[in-house]
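Peer 1: Chains A and B, in that order, are what the protein sequence lines are.
Quick note on our numbering: the first sequence kicks off at 1 and runs consecutively.
Quick note on our numbering: the second sequence kicks off at 1 and runs consecutively.
Hints may contain errors.
As the list makes no split between identical chains, a pair holds if one copy fits it or if it spans any two.
With a Cα cut of at most 20 Å, we get these calculated SDA-like pairs of lysine to any residue [as the list claims (entries may be wrong)]:
(1) K205 x P73
(2) K46 x A161
(3) K238 x R250
(4) K219 x G179
(5) K238 x Q301
(6) K238 x D207
To be clear, the hints were calculated from the coordinates, so they are not data collected in a lab.
One letter stands for each residue in the lines below.
Number of protein chains: 2
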Amino acid sequence: MMNESIRVAVVGYGNIGRFAVEALMAAPDMEVAGVVEKPSFADNVKLLDAMGIPLVTSIRELQGVQIALLCTPTRSVPDIAREILSLGINTVDCYDIHGNLADLRLELAEIARANNTVAVVSAGWDPGTDSIIRTMFQFMTPSGLSYTNFGPGMSMGHTVAVRDLPGVEDALSMTMPVGAGVHRRMVYVQLQDGASFEAIKNAIKTDPYFVKDETHVFKVADVNQLIDVGHGVDMERKGVSGSTHNQMLRFSMRINNPALTAQVMVAAARASRKQMPGAYTMIQIPVIDFMHGDPDDIIRQLV
Amino acid sequence: MMNESIRVAVVGYGNIGRFAVEALMAAPDMEVAGVVEKPSFADNVKLLDAMGIPLVTSIRELQGVQIALLCTPTRSVPDIAREILSLGINTVDCYDIHGNLADLRLELAEIARANNTVAVVSAGWDPGTDSIIRTMFQFMTPSGLSYTNFGPGMSMGHTVAVRDLPGVEDALSMTMPVGAGVHRRMVYVQLQDGASFEAIKNAIKTDPYFVKDETHVFKVADVNQLIDVGHGVDMERKGVSGSTHNQMLRFSMRINNPALTAQVMVAAARASRKQMPGAYTMIQIPVIDFMHGDPDDIIRQLV
Chain A
1 MMNESIRVAV
11 VGYGNIGRFA
21 VEALMAAPDM
31 EVAGVVEKPS
41 FADNVKLLDA
51 MGIPLVTSIR
61 ELQGVQIALL
71 CTPTRSVPDI
81 AREILSLGIN
91 TVDCYDIHGN
101 LADLRLELAE
111 IARANNTVAV
121 VSAGWDPGTD
131 SIIRTMFQFM
141 TPSGLSYTNF
151 GPGMSMGHTV
161 AVRDLPGVED
171 ALSMTMPVGA
181 GVHRRMVYVQ
191 LQDGASFEAI
201 KNAIKTDPYF
211 VKDETHVFKV
221 ADVNQLIDVG
231 HGVDMERKGV
241 SGSTHNQMLR
251 FSMRINNPAL
261 TAQVMVAAAR
271 ASRKQMPGAY
281 TMIQIPVIDF
291 MHGDPDDIIR
301 QLV
Chain B
1 MMNESIRVAV
11 VGYGNIGRFA
21 VEALMAAPDM
31 EVAGVVEKPS
41 FADNVKLLDA
51 MGIPLVTSIR
61 ELQGVQIALL
71 CTPTRSVPDI
81 AREILSLGIN
91 TVDCYDIHGN
101 LADLRLELAE
111 IARANNTVAV
121 VSAGWDPGTD
131 SIIRTMFQFM
141 TPSGLSYTNF
151 GPGMSMGHTV
161 AVRDLPGVED
171 ALSMTMPVGA
181 GVHRRMVYVQ
191 LQDGASFEAI
201 KNAIKTDPYF
211 VKDETHVFKV
221 ADVNQLIDVG
231 HGVDMERKGV
241 SGSTHNQMLR
251 FSMRINNPAL
261 TAQVMVAAAR
271 ASRKQMPGAY
281 TMIQIPVIDF
291 MHGDPDDIIR
301 QLV
């Protein structure tokens, strides 16, 4: 590329962070400024070293960072976003607590405007690209019913909730779509020595995270042997355009979950450079802004 | 609604224009300023009269029009858009000639900026909402292959091409998806007295509109008995996020074609009021702008 690359830092080198580094390295217009992590495992250091990517414990140690991808646990996103926006660096997160994201955006918008930066909030696939689809479904058929069916795939939130229970060594919670937005939970637990499976099974079934769904709990020897980060979604709407009923719309995908999340974050990083200072969810940004390349060429090719 | 309604004119009262009137009447924030048509059939006049909608032959006869929906044949869109934008009225069209729409947008953008108006170009479902999906598929998986499979449904363009052939009284061309973006054409012709079916069949099969596709031609007594304005699309992409292959994305719908087109145009009319002067395809407008209502409420509900 003749143009200068956009320098992007990856904050958090877990599941999504690793895929974010890969997606940035594949992007023609970006470069990895560095990875920000707590003092870290030796194999991470070696891996990043081999790729020539600095590993630091604070984003302040990196030079010329224009955008930070926040690949940390979702609950730490608000604090980290506030701090990094205040440094004059754009942020992109995949904050996934649906009930709180609208307020988070309003709060980050003020910080971003005060620091002449841009935050893109909840830029994953749900919330994220699925939100764009849900919005389109709504304006294509203003009356009707939409359903979002997740899975089959691993639910990070439910898995973490089970892992935190006493007596659980490791766990996996799978989301199975039943249809019409109803989900079944299949939970696999690896017990600590002496823990009671019946007690843990009960604790899971009465946990607020699980109590509304049909939940099955299984004891396994090694959760690691079950891990597959594939996921899926089926979004359906049957609705009315004008006064014409029975319009049927559907979006579905089967994907590697952290790989898609990371790729969407990289696209959102690009889009952040094209917005006025402030904070945005993906439905507030034209889809063309997520693309690399000349706008007229993109219109010729894709519209 | 407490807010004043947006006054919208419908230009052209054919297939799409009728559904546009219905969609405007169903919209909480819009009102039909009037319908613009050539001196017209008595039953149209009666129908519009019964709904209290003025029928005029020039948009200049209508008061306080803010937006015009151009529901005319696609080839007349450029001229009509130029004229109406110059009157200080926003335009929305569903211009569907993919090869020309980028240049049309550039031309209308200058006229719109000079007249402090907004044009939304090619705001139907393809080009239109499908274009948004194609763009999303591309930034979710920057490498890979996309296919757009149309049908089963009536192709307006192909139908008109056959109707124009000498000896054809009426015609219908159906598009059948074969997969991977390949289509089969099923053409039904009603002949004029004395016309040769073999000659017409030959003319269709060698017409540039049909020559690339597998085309079957049938003689029927009455084309009207075959008409069904239902249509569909299946858009598929298999691609790569970062360095992760085999990401599978799919969008499909089965819809009443003119009803959806009209509903998208009404949403685009709303969006036109939220853009700076200029001309836009749908991929250049945030999807939230097509919605009626408070942005923060929409974010809370749909993101």
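Peer 1: It remains to establish, for every hint, whether it holds in the given structure.
Peer 2: Verification of the hints:
1. K205 x P73: Result: close neither inside a copy nor across copies, 24 Å intra and 60 Å inter.
2. K46 x A161: neither (32 Å within a copy, 65 Å between copies)
3. K238 x R250: This pair counts as both: shortest intra-copy Cα distance 9 Å, inter-copy 17 Å.
4. K219 x G179: neither (27 Å within a copy, 44 Å between copies)
5. K238 x Q301: between (30 Å within a copy, 18 Å between copies)
6. K238 x D207: neither (33 Å within a copy, 38 Å between copies)
In terms of the numbered hints stated before, the structure departs from hints 1, 2, 4, 6, listed from lowest to highest.
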